[in-house]
Structure formats: structure tokens, C-alpha cells
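*Asks:* Sequence:
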Amino acid sequence: MHPHLHTKDNVGCTEVMIALEECHAQGFLWKSMGMCNEAKDAVSKCLKEERAKRQTNNRTDTDSKKTRLREIWREIDENK
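Quick note on the numbering used here: the sequence shown kicks off at 392 and runs consecutively.
It is possible that part of the hints are untrue.
[To be verified] Using 27 Å as the maximum straight-line C-alpha spacing, the simulated BS3-like pairs for lysine-lysine come out as follows:
(1) LYS439 x LYS456
(2) LYS456 x LYS436
(3) LYS444 x LYS399
(4) LYS439 x LYS471
Don't read these hints as lab results, they were simulated from the structure.
Could you put the whole structure together from the sequences, leaning on the hints where they help?
*Replies:* If you want it as C-alpha cells, here you go:
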């Protein structure tokens, strides 16, 4: 598996990534016959879900920061 996928953001996908690595370790013919397709699909699904969680969290954080900045600017405008 690619090293950049083994990060703190994808901890929830460790088990399925290990399963895919084990499947790939069985050899080229095993992979080429499509025996690892289910494991690969599971990894893709898991990574997609993890990404969606990060996007939601980032969006929430950004919205709260924008709200806080608007309040600060409103206070500055009122004190002029």
C-alpha cells in the first residue's frame, strides 16, 4: 500500500488496507485474476468515507471561524 495512505487520517481503514496488502502478497497471478478486487473496493470505500468525515469537519471549522471573524469585525465597526 502507498505510504501516504497510512496516516493518522486513515486510521479507521488500517484493517482493510492490511487485508489488501496480504492479498497482493499472494502473487501476481492472484492479483491479475481479480482475487483482490473485493479488498480493493473495501479500501476505496473506507478511504472515501474517511475523506467525507474530514471534509465535514473542515467545513464546520471554517464556518465557525468565519462566524467568529464576522463578530469581531461587527464589534470593530460598532466601536468606531
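*Asks:* Next pair to validate is LYS444 with LYS399; report whether the Cα-Cα distance is within 27 Å.
*Replies:* 13 Å, holds
*Asks:* Holds or violated: LYS456 and LYS436, Cα atoms, limit 27 Å.
*Replies:* 30 Å, violated
*Asks:* Are the Cα positions of LYS439 and LYS456 separated by 27 Å at most?
*Replies:* Roughly 26 Å separates the two Cα atoms, so the pair holds.
*Asks:* Does LYS471 sit within 27 Å of LYS439, going by the straight-line distance between their CA atoms?
*Replies:* 48 Å, violated
In this structure, the hints that do not hold are numbers 2 and 4, in rising order.
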